[in-house]
Amino acid sequence: MSPLQLCLAFSSLLFAVGLTGALARSNSILVLLGLELMLTAGSVNFIAFWRFGPPASPATGVVFAIFAIAVAAAETAVGLALVIAVYRHQRNIRLPEANRLKG
Amino acid sequence: MPPSLETLWLVPALPLLAASLGALTPRGGRRFSAGVAIAAMAGALLLSCLALRAALLDPSAHLVHNFRWFDLGNGAVELGWLLDPLSALMCVMVSLVGLLIFIFSLGYMCEDENFTRFFCFMSLFAAAMLGVVIANSLLLLFISWELVGLASYLLIGFWFHKPAAAAAAKKAFITTRIGDLGLLLGLVWLYDSTGSLLLYDGGNGVLEAGVLGNLGTMALAGGLAVPTAISLLIFCGAAGKSGQFPLHVWLPDAMEGPTPVSALIHAATMVAAGVFLIARVFPLISYDQALAADPLHALTVVAAIGAVTALLGAAIATAQSDLKRVLAFSTISQLGYMMLALGVGSWVAAIFHLLTHAFFKALLFLAAGSVIHAAHHEQDIRRLGGLGRTMRTTYATFAVGMMALSGVPFLFSGFWSKEAVLHAASEWAVSQLPLYAGLVGVVLTAFYMTRLLCEVFWGPARSPEAAHARENTGVITVPLVILAIGSVGLGFLGTPAWPWLESALTGRPVAPRSLLEGGGLMALSIVLVAAGLGAGWALYGRKVRVSADAKDPFSAAAPRLFGFLGARMRLDELYAATLGRLNTLGAALADFMDRWVWGGAVGFLALLGEFTGSVNSEVDESGLNAGFNSASERIRGAGRAYSGAQSGDAQGYLRTVAVAFVVLALLVLLGGGR
Amino acid sequence: MNTVLVILALATLGTAAVAMSLRNLLHSVLLLTATWAGVAAFYLWAGAEFVAFAQLLVYVGAISMAVLFAVLLTRHSRDDVAAPPAARSRGVYAAAAGAAVAGVLLAAVSLAPLATAPARAPAVSVRQLGGELMGAHAASLLAVAVLLTVALVGAVVLAAGGPPEKPGDTP
Amino acid sequence: MRLLATTDSSLLERAPVLLRDALSGLLPPPARWTANALIEIVAILAVFGTLFAFLTLAERKILGRVQNRPGPNRTGWFGLLQPFADGIKMLTKEDIVPHAADPVLHYLAPVALIAFSLLTFSVIPYGRDLLAVRMDASVLFFFAAGSATELSVFMAGWSSHNKYSLFAAMRALAQLISYELPLLLSVVPVVLAAGTISTAGVVAAQSGWKWGLVPHWHVFTPWGAAGFAIFMVSALAESNRSPFDLPEAESELIAGHLTEYSGFKYALFFMAEYFGMCALSGMAVTLFLGGWQAPLPALEFVPSYAWFALKLLALIAGFMWVRATLPRLRIDQLTRLAWKFLVPLALINLGTAAFWSLTYPWGGSLQLLRWAVALALVMGPFLLLGRRLSAGLGARTYRYA
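Residue numbers (my numbering), protein chains in the order written: chain Y, 226 to 328; chain X, 112 to 785; chain C, 31 to 201; chain L, 279 to 679.
Just to be clear, a hint being listed does not mean it is correct.
Label pairs and their computed distance ranges (CB to CB) [what the hints assert, rightly or not]: (1) L/638 x X/619: 32 to 40 Å; (2) C/180 x X/313: 54 to 62 Å; (3) X/617 x L/636: 32 to 40 Å; (4) C/190 x L/608: 17 to 25 Å; (5) L/636 x X/221: 53 to 61 Å; (6) X/685 x C/180: 37 to 45 Å; (7) C/180 x X/740: 49 to 57 Å.
Covered by chain L, according to a simulated footprint, are these stretches of chain C (three or more residues, beta-carbon under 8 Å) [claimed, not checked]: (8) 89–95; (9) 98–105.
Residues of chain C placed beyond 10 Å of chain L at every Cβ, according to the derived structure [as the list claims (entries may be wrong)]: (10) 41; (11) 56; (12) 84; (13) 133; (14) 163; (15) 166; (16) 175; (17) 177; (18) 178.
Think of the hints as simulated: they come from the structure by calculation, not from any bench. Even for Gly, the Cβ is constructed at its ideal location relative to N, Cα and C.
Isolated chain Y, as found in the complex (with noise of 0.2 Å):
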C-alpha cells in the first residue's frame, strides 16, 4: 500500500471511531469530542493529500490544515457552551433527553 493510501486509510478509520463514539454515547461531552475526531480526520486528509498528492501550491495544505484547526476550536468553544446552557435547563447532560423540539 502507498503511503498515501495508508495516511488516509488512517483518517477514514479515525473519523468512523469518531461516529461511532458520538451515535453511541449518550453524554453530550463525549458526542462532542466525537464530533472533534471526525474534524480532526479531515484535518488529517488535507496533511496528506499536502504531503503526497501533487500540491497546488507548497503551503495549500498546510494553510487549510490550520483553518481547519481554528475552525474546530470556535467549533468546540460553542459546542460545550451549548453543553452548559442544556445543563443549567435539564440538571443533566444527557443528549437523548434534550429533545424538547420533537414533532
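Let chain Y serve as the given structure and place chains X, C and L on it in line with the hints.
Just chains X, C and L now, with coordinates in the frame of chain Y:
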C-alpha cells in the same frame, strides 16, 4: 516619498486613537478624555498644516501612497491616501474648525453627564471625516463615508432619551442611506467596468485619462453613457449627505443634537462631504461633456438640483421660528450654491464657498449655541430678544457671521465666495436659470439673516430666560472670535484681484482679473443684498417685536405663504402622503383581495361543495363511507409514522445522515466513481 | 517509513477507540488528549511542523482544558463523571453505522487512482506560510477571524445565560 | 546543533562544542549523531539539575535574608550542602499512594509534568553555538510543550481524591487558561517585529547596537518594554509562583495538588516548578533581552553563554524577590487581572508593535513623532485600565500601626 505624505495617514489616525482611548475611559475621566481629544485634534491640525505646505510646493501633482489590502481571487483590493492641495486644504479646514468646536464644547457640554462619550463620538467623527478627505481609494472613501454617517447618527441621537432626538437620528441615518445605496451601486459599477477604485494610480486610476477614455468608449446603458450613469449614482450619495433637494428633509431634524454637533457636522464638515466628493471625482463627473452621443450631462443634473435647493432652502428659512432651524435651512441653501457652482463647472468656486461657509456657518452655529447656553436652552426666536445688550461678544461675532453669510460687500468672505459662484453661473453656456435662482437666493438670504439678527438681539427680552441671559466664559467666546476673524479674512484668498486659491487648487497660475469685468454682476448682487437687508430691516428692525406672541410681520403681510413656508413647504407631509400612503394602499389592496376576491372564490367553492355534498350524501350514506373511513385512517397512520422520524433525537438524525452518506457513496462507487 | 506511520496510526486509533468506550469521562478526555498528540506526531512525520505544534497548542493546551472544565462544571457528585455506557441497541446501531462508513471509505481509498508519493515533503517555511495566509488566503483569513470572534462572544453569551431580569429594566 | 563552531569566535566561546566533538569523535562516524544528541541531553540535564539544586538553596537563603533570618546554615559552609541533604531525604522517604486515589493518573502526573517541562529546554539558545534543536517554529514548540504541563497539574489534583487537591485542580485550570492568553499575546509582537518564530532568528534580529551604545534588544522599544512586563507577570502565573501560587496556597488548601504526594514524586513536582521558572525566564531572555548577546560591543570577548546565564540568573532573582515581597492574590482578583487588564493591554500592544514596524522607515524628526505615538499607545491604556482595575481599591491606612 516626502515625510508629510508618509505621515498623512496619522491625520485621521490620531483622532481615532483619541476615540478609542475615550471609549476606554470611565465616566469619571472627563478631563482626560477631553484633553486627549483636543490634543489629538491639535496634532492633526499640525500635521495637516505640514501636509499643506508640502502640497503647495507642486500644486499640480497628486502625491499618492497606495498599498494592497488583500487579494480577492485574482483581483486585489487596494487602498491608499492622497496628498494634493484639495485634500490638504480640506484637512486643515476640518481639523481647525474641529479643534475650535472641541474647545467650545468644553464649555457647552460641561454639565452633561456623558461628557466622555460625547468627546469619544466627536473624535470618531473627526477621524472618519479626515479619512474621507485623504482617501485615494473610493473604497476607503466609502468606508469612512459610512463611518461619518454612523458618527452623525450617534451624535444626533446623543440625547437619545428625548424621543424627538431618537427619531431625528433614525431619519437622518435612513435618508442618507438611500443616497449611499446609489453611491455603493456606482462604486460597484465603476469597479466592474474599470477594475480599480483608486483615484490616482500612476495612470491606472479612475480619474486619469486612460481609464476615463476606456470608460467613454463603453456602450450606452439605458440611453445614458456609462460615465454619466456612474456619475449620477455617485451624485445620489453626495445629495444624500449634503442635504440636496429630494433628500434634504433629515438636516433640519438633525438640529435635535447638541449645538456643537450641529456646528461641526451639519454646518461645517459632514454636509460638505458631498460637495467634496463631487469636487474630488470632478474629472469623472465632468468627463461626459466630451461625449457627443450623450443626451444628458451629469453636471446639468447637479446644477439643476443645486439651484432648486438653494432657492428652496432660502425660501423656507424665511419663515422658521426656531433659531437653529433657520440656520439649518440656510445651510441647505448654501450647499445648494456649492452644488450649483460644481454643476456649472467651477469646482474651485465650490470649494472656495465650502471653506468660507464652513467658517461663518460654524461661527453662526456656535454663536447660536452660546445664546442657547446662556438662555437655558430657549431656542424660539420669538421668546428671545434683547440679547445684544447683555451678550456683546456673541452679538458682535454673530453679526459678523450674519454679514458674511448674507454677502455684505468687500470686507466679508461670504461676499467673495458667493461672487465667485455667481460669476461661474453667469458664464455657463447651457442656461442662465441657475444664475437667476442664485440671485433670488441672495435677496432671501439677506432677508432672513436680518430677521434672525433683529429677533434675537434687538428689542426687549421677551421671556425670563432671555432676561437672565449673561455672556458666557472665554472657553465659549474665544472660539467665536477666532472664527469671526477667519470668516472675515478668508475671503481674500479668492478675490478676483488675487486668485491665490484657484491657482493653488488647479496648479495653474491664474491671471488676476480686475474687479470691473463682471462688475455689472457684482453691482447687481450688491444691490440685491442691500434690498434684502432693507426689507428685513423694514419688516423686523424698524419696530421690533415687543411680546412673544405678537404676530410676525411677514405672516401679517402674507399669511398663506408664511404658513406654507413655515411648514417647510409641506414636503415631509408630501413624502408621508406619497411614499407612506403607497404602503397603506398596497396593504389595503392585499386585504381587499384576500377578503373579497379569494375569499369569495373559496366561499363559492365551499357552497358548491356543500351542494354536491348534499346531493351525494345519500350515496355516501349507503356505500362509500366505510371505504372513506378506512382510507383516512391509513392516512392518519402514515402521518404518525412520519412524525415518528422527527424524534428530536440529535443522534438519530446523525445516524440517518451516516446511512444516507453510505448509500450515496455506494452509488458513486458502484457507478464507477463518476 | 511506513512502519512508523503504521505504529503512529495504531496508537492513535487505539487511544481514540478506548477513549470512546470508557466509563470514566475524565479518563476518556485524557486519553483523547493522547489521541490528539498522536495526530500531532503524524503531522510531524508528514513534515508539517507548524501544524503539528499548532495542533498541540490548540488541542492539548486549550481544548482539553476547556473540556475538562466543562466536565467538572456539569456534574453533581464526584462519581458523576462515570457516564453510563451505551445502551445495547444504540451501541449496535452506532457500531453498524460506523463500520459501514469505514467500509465505504476504505473501499473508496483502495479503489481511487491516487498519485504516487513524491520523494520528499514539499518544504514550506513559516515565512512562506505567513505569506500565503496574508496573500492568497487573506480573505478566508479575515473570515476565520470573524468566525472566531463571533464564536467567542456567542460562547460567552450562551454560557453566561443572559442578564438577570430586573423589573423596570424594559424601556 | 551546528557541528562546526564558528572559527572567528574565541576559544572559550567554542569550548563546549569542541568538548562535545572531541567526545563523540572517539566513536565511529555513524554513531556520532546519536552521541552528540545524547551528550547534549546529558549536558542540559546536568546543568539545570545542579542549577535547580542550588536555586532551592538560594531561594531559601534570599527569603531568609529578606525576612531577617539566616536561612539554612548548618550543613556545610553557609549550608551549601543543604540541597544534597534534601535530595537524600526525598529519595529515602516512603512513596505514599492514597487508597482511594486513581493510581494510574496519580503516577502519571509527575512523570508527564517533568517530561514536558524538560522538553521546553530543547529550543532555547544558550549561546552562539549552543542550541539543542534548530527548528523553524521553535517558539511555537516551546509554548505547545509548556501548555501540556497544565494537564498534569490537573491530573495530580484530580487523581489524589482529596477535596483540597480538587480545588487546587480547578484553580490551576482557571489560572493557567487565563494566563496562557496574555503570555502568547505578549509574544506575538516579538514575532511580528523579528519576522520569524525560530528562537535563533529572534536572537539574531536583536543583534547590533544603535550608536554603538544601545543594543537593539526588544525591551528597549516601547512595545517591547510593555510586552516584557506582560510576559513576566504571566510567567509568574504560569509557573504557579507567588503571588499567583493559588493552586498550592498552603494557608487555604493544605498543599493544593501536592497534598497527597510524598517522596520522590513530590521532588519531581518541586523540580518541575523550578524548571518551568528557568525555561520561562530563558524564553524571556531570548525574546526580549537579546538572548546570549553582550550589552556592549566592548564586552563581546566574554563568551555568549556567560551573558545568557547572567541574564537568566538576574530574572530568577527577580522571581524570588517578588515572592518575598508580594502577598498572594485572591482568585477573583487573579482572573480579573488577567482578563480585564493583561489581555487588553497585550492586544493594544500588538497594535503598537504593528505601528512601530509600519513606521520603520521614518527618520530624522519623524522618529520623535514615532516615539511619542508609541509611548502614548503604551501608557494611555495602561493608565486607563489600571485606574479601572484598582477602582475602589485605595491604599489602606493603618491608624494604630
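Verify the CB-CB distance for residue 190 of chain C and residue 608 of chain L against the hinted window 17 to 25 Å.
Holds - the Cβ-Cβ distance for residue 190 of chain C and residue 608 of chain L, about 21 Å, lies within 17 to 25 Å.
Just double-check residue 41 of chain C for me: nearest Cβ-Cβ distance to chain L has to come out over 10 Å.
At roughly 16 Å from the nearest Cβ of chain L, residue 41 of chain C sits farther out than 10 Å, so the non-interface label holds.
Could you see if the CB distance from residue 617 of chain X to residue 636 of chain L stays within 32 to 40 Å?
Distance hint for residue 617 of chain X, residue 636 of chain L holds at roughly 34 Å.
53 to 61 Å as the expected CB spacing between residue 221 of chain X and residue 636 of chain L, which holds or is violated
38 Å, violated
Hey, is residue 84 of chain C genuinely clear of chain L, shortest beta carbon separation above 10 Å?
7 Å, violated
Non-interface claim for residue 177 of chain C: all C-beta distances to chain L beyond 10 Å?
Holds, because the least Cβ-Cβ distance between residue 177 of chain C and chain L comes to about 18 Å, which exceeds 10 Å.
Far enough from chain L: is every CB of that chain over 10 Å from the CB of residue 133 of chain C?
Holds, because the least Cβ-Cβ distance between residue 133 of chain C and chain L comes to about 34 Å, which exceeds 10 Å.
Exclusion check [residue 175 of chain C not at the chain L interface, CB over 10 Å]
13 Å, holds
Say whether it holds or is violated: residue 56 of chain C keeps its Cβ farther than 10 Å from all Cβ of chain L.
At roughly 6 Å from the nearest Cβ of chain L, residue 56 of chain C sits no farther out than 10 Å, so the non-interface label is violated.
Could you see if the CB distance from residue 180 of chain C to residue 740 of chain X stays within 49 to 57 Å?
55 Å, holds
So does residue 180 of chain C sit 54 to 62 Å from residue 313 of chain X, Cβ to Cβ?
At roughly 39 Å between Cβ atoms, residue 313 of chain X and residue 180 of chain C fall outside 54 to 62 Å, so the hint is violated.
Should the hint that residue 638 of chain L and residue 619 of chain X are 32 to 40 Å apart at their CB atoms be regarded as holding?
About 38 Å separates the Cβ atoms of residue 638 of chain L and residue 619 of chain X, which means 32 to 40 Å holds.
Checked against the numbered hints above, the structure violates hints 2, 5, 11 and 12; every other hint is satisfied.
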